[in-house]
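Trainee: Sequence:
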Amino acid sequence: MIMKTAQKIQIPIFFTLVFSLLFSCSDNSSSDPSGSTTTPQYAYITDGNDLKIIDVAVPTAPTFVSSLAVNTSYFVSVSPNVAYVAQYDATAPYLSLIDLSNANAPVVSQTVPKNSGLVFRLLSDMYTINNIGYLTDTYGGFYVIDLANSNFNLQVNLGADAMSLTKIQNELFVIDQASGLHSYNVSTPGNPVLTGTSNTSDIDAASYADSPFGQYHSWVETDGTYLYVANTIDKKIKQFDAATLTLVNEVLINGYPTAFALHDGHAFVTMKASSNAPLQASYDGVKMYDLATLSLVDMKPLNQASGIALNNNQAYVTDADGLHIYDVSGNNFLLQATLAAGFGNFIALGQ
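0 is the number of the first residue of the sequence shown in numbering that gives the first Met the number 0; add one for each residue after it.
Derived from the structure by calculation, the hints contain no laboratory data.
Any given hint could be a false lead.
With a cut-off of at most 25 Å between alpha-carbon atoms, the simulated SDA-like pairs for lysine to any residue come out as follows [what the hints assert, rightly or not]:
(1) K234 to N190
(2) K113 to L67
(3) K235 to H265
(4) K234 to V247
(5) K166 to N190
(6) K113 to P211
Use the sequences and the hints to build the structure in full.
Mentor: Written out as structure tokens, the structure reads:
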């Protein structure tokens with residue numbers, strides 16, 4: 000499933016570090032980047048019309064809890080008691096912040112407009128930690144945002160059209176159209192410093208419109224040592240040395256990635272075809288790869304596979320037919336439950 004115009008704004012930002020996240024979206028995948036084995040209480044799913052909340056505390060018996068109308072919703076990231084929902088339509092907000100303190104009655108607490116002078120256009124990925132939001136935008140930029148105060152007016156905006164990002168210690172790795180895959184030092188979160196290391200030859204840094212809405216783009220994830228890119232146009236997962244950004248290994252996946260996650264020594268990728276050229280021929284489903292060898296471990300055909308999140312031994316996968324929960328502890332997809340009401344286009348996990 001993922002957006003920019005270069006505008007550099009050097010504004011000092013003062014962050015209040017209040018909490019750290021158990022479950023955060025992006026690392027784009029909606030996986031738990033901390034590796035926690037705490038069972039998530041809820042799955043949060045966008046479906047183009049609503050944000051849906053599904054109780055997944057018992058993976059074999061997911062239940063629908065509630066929904067909230069969020070027009071053209073296509074992406075969601077979750078931090079404690081807040082969902083950040085991206086919206087596609089030009090007249091819709093850039094982001095709607097949803098108060099999740101009552102799962103039975105979520106409410107919109109704040110909206111962030113597009114074209115507001117902040118260069119927000121179309122969010123593609125989000126990494127949140129310690130009240131700091133790192134955002135990539137297909138047409139707007141790479142942003143650093145003060146989430147502690149929900150202040151989207153104070154920001155740092157760098158780079159060119161940006162697709163995805165991930166973080167290893169104090170290094171943030173970004174895919175954008177200016178530099179391909181490159182890194183920033185974020186020892187001072189409000190003042191990212193470009194390291195100068197980049198790889199433009201092996202990365203598809205473009206975005207591709209889907210119908211009726213949404214974007215395809217490449218995704219980047221990390222296991223803490225290497226970087227892995229689910230590359231769009233050549234249908235590959237690529238492994239990179241994080242220090243030099245040189246290509247180490249790659250594998251053909253025969254599909255256009257819509258979401259990407261790393262978990263317990265494996266890469267998980269959902270993929271599907273678009274009705275728009277040039278992405279019209281693709282495997283439709285979810286695949287699992289061994290990170291050590293990039294060899295295919297298992298695969299499941301689906302219907303418009305669009306989102307994946309992982310925690311403990313479960314993979315939570317969305318497609319047009321519902322939310323599918325798989326036990327992946329045996330290095331295969333063992334279906335535990337399907338909830339038809341959980342159909343959608345992106346998923347995040349949280350408490």
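Trainee: Each hint needs a verdict: does it hold in this structure or not?
Mentor: Hint check:
1. Taking the CA atoms of K234 and N190, the gap is about 34 Å. The hint is violated against a cut of 25 Å.
2. A distance of roughly 21 Å separates the Cα atoms of K113 and L67; the hinted pair therefore holds under the 25 Å criterion.
3. Simply put, K235 and H265 have alpha-carbon atoms about 15 Å apart, close enough for the 25 Å limit, and the pair holds.
4. About 17 Å separates the Cα atoms of K234 and V247, which keeps this hinted pair within 25 Å; it holds.
5. Distance hint between K166 and N190 is fulfilled; the C-alpha atoms sit about 15 Å from each other, no more than 25 Å.
6. With a C-alpha separation of about 19 Å, the suggested pairing of K113 with P211 holds against the 25 Å cut-off.
Comparing the model with each earlier hint shows a violation of hint 1 alone; every other hint is respected.
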